[in-house]
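Could you put together the complete structure from these sequences and hints?
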Amino acid sequence: MMTCPESRLAIDALVDGEIEREEEVLLRSHLAGCPACGRELEERRLLSETLGRAFERTRDEASPLPGERERLAERMAALPRRRAALAGRLAAAAMIVVAVGIAATAATAGRPSSEQVAVARKIREQATREAQLGRLEEEVAAELAALRAERPRESSAAMAVDAAISSIERRLAPVPPPAPAVPGTSVAISVDVNGAAVEFVQRADGTVRLAVPGRTVEAASVSELTARYADLCRRFSVEGSEGKVKVGDSAAAIDLPGRFRLHALTGTWAEDAQWEWCRDWMKRRVPEAAEMERRMKEAQERYRRAAADFALPAVSVDLERILKDVKSLTGQELRKAAERAEDRVRSLEPRVQELRDLRGRARGVRVFAETVRD
Amino acid sequence: MLAARPPAGLMETPAPFATEAELVAACKAGRRDAFDALVARFYDRIHRLAWNLAGPTPAADLAQETFLAAVKSFPNFRGDSQVGTWLVSILRNQVGLHLRGRKKWRYASLEGEGERLPAPEADETGKGVQAVLDRARELPEDLRTTLILFHVDGLKYAEIAQVLQCPVGTVRSRLFEARERLRKLCEKT
Chain A
3 MMTCPESRLA IDALVDGEIE REEEVLLRSH LAGCPACGRE LEERRLLSET
53 LGRAFERTRD EASPLPGERE RLAERMAALP RRRAALAGRL AAAAMIVVAV
103 GIAATAATAG RPSSEQVAVA RKIREQATRE AQLGRLEEEV AAELAALRAE
153 RPRESSAAMA VDAAISSIER RLAPVPPPAP AVPGTSVAIS VDVNGAAVEF
203 VQRADGTVRL AVPGRTVEAA SVSELTARYA DLCRRFSVEG SEGKVKVGDS
253 AAAIDLPGRF RLHALTGTWA EDAQWEWCRD WMKRRVPEAA EMERRMKEAQ
303 ERYRRAAADF ALPAVSVDLE RILKDVKSLT GQELRKAAER AEDRVRSLEP
353 RVQELRDLRG RARGVRVFAE TVRD
Chain B
626 MLAARPPAGL METPAPFATE AELVAACKAG RRDAFDALVA RFYDRIHRLA
676 WNLAGPTPAA DLAQETFLAA VKSFPNFRGD SQVGTWLVSI LRNQVGLHLR
726 GRKKWRYASL EGEGERLPAP EADETGKGVQ AVLDRARELP EDLRTTLILF
776 HVDGLKYAEI AQVLQCPVGT VRSRLFEARE RLRKLCEKT
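Taken in sequence, the protein lines are chains A and B. For the first sequence, the residue numbers in the numbering used here are 3 to 376. For the second sequence, the residue numbers in the numbering used here are 626 to 814.
Be a bit skeptical, because a hint or two may be false.
To be verified - What follows is a list of derived Cβ distance ranges for each label pair:
hint, chain 1, residue 1, chain 2, residue 2, range
1, A, 220, B, 794, 49 to 57 Å
2, A, 19, B, 758, 18 to 26 Å
3, B, 783, A, 194, 49 to 57 Å
4, A, 168, B, 701, 51 to 59 Å
In case anyone wonders, no lab produced these hints; they're calculated from the structure. All residues carry an ideal CB built from backbone N, CA and C; glycine is no exception.
Below, the structure written as structure tokens:
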């Protein structure tokens, strides 16, 4: 058993994605019975996110100024001769060419104004984001292609993976196609929550309607409903995922193939459906309960690690080159260029985040597909 | 590193070394193009860390001294860690020397250097962020360094342990302690 002080240390490791599997099992078991540590987990997650955001905001300010690399190049070139000799005659000749080039550039280039530097940085950020977006699209497409190639042969496993692929493809499209009209209702709950009549319906096409006294809201999926109307859902105890919903004390769910179909239709994904199906699948193949649990945990850990890679693709855009172009702009053109770059970065940001999530999800589903392949 | 396509009319940075192993081998051989590639690949990262670890004024000098020390030490680089982590270790030593006042820094202005813009007026979120950063500066050096290596550089616990030459458990407890103190410091204000 884990004590509360031990759990506090482990919580940080969990939040940082650095916890060992055995420790995570102990921690989760402790968290299941300790609301105080559960709250601590949420607080530490929030604190970690706040710190990450705080340091991220210093990124631009902490970046080097133009000219620093040239100064470093000169200082490197001035290092004792015996080091340069290591490179041999060819490299020494190359050094002279580079040094002359840098000296010539330094002599002809004027000192950029602070405004020119700031605008060049904004344009570099725009170019970086655009390049990252392109790379992310390629990476998600590559993950999906690999996923299709590794698709399990067994029909129910293939169904689960196909649903994941469809849900990712739906969100990958820049403008998702309209969901096909499917008549009927998937989940319907009418219940009294703290004296208020609440009606929830998820239709067969995945769209949902939530009616509470004085207000009715619609959304494209349960995920969208709980995200967009988070306060309302909290107030009337509405939670769940596509095809499996709890309102107050009432819960309703359809079968797993139906839930997968809803995920594919709405472009959403819920790990709980995936692991529920995986557990059923494993029970049929691994009769020994402890061994089955071990394999489940192992698969979930591998999935989590694969899906948690949120690193943006590394790209390099040369600020000096941008500065050269920026120097030819007039004051008004500079301001317009800055505004355009800022607007573009702002408009790209949500898509970058979405593609990053989709890439993580596709990587996770590949681990899942590998787990359920016979 | 992948080269991005810059906006029209702007050229991209060449990336002549496809793998880190090639880059390391060329640096060990003392090739100038390899050192240029090393700077192109890691200078921003090292500068940002220096800025966060020691503050804005000595950041450029610390970053430069780190690369100069790396060039001198490359023959001794055994490849036990990634080049980036090794450079961070060197930076950490340089910052240590600087903080202990054993190295005089020039803080020379750079020829042809652009000026830094004054910081924009902070909105409410910005002020909150600034408060967190200010409090982080009040932490003891070992806690602050661990926190910055994790949150700014994104190093894993094991990599931080390599840089700081301490056990992974120490990294873990320092991170916990740093966040705990930060939380208390922020609550006070």
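To see whether the hints hold, each was checked on the structure:
no., hint, verdict
1, A:220 <-> B:794: 49 to 57 Å, "holds (52 Å)"
2, A:19 <-> B:758: 18 to 26 Å, "holds (23 Å)"
3, B:783 <-> A:194: 49 to 57 Å, "holds (54 Å)"
4, A:168 <-> B:701: 51 to 59 Å, "holds (54 Å)"
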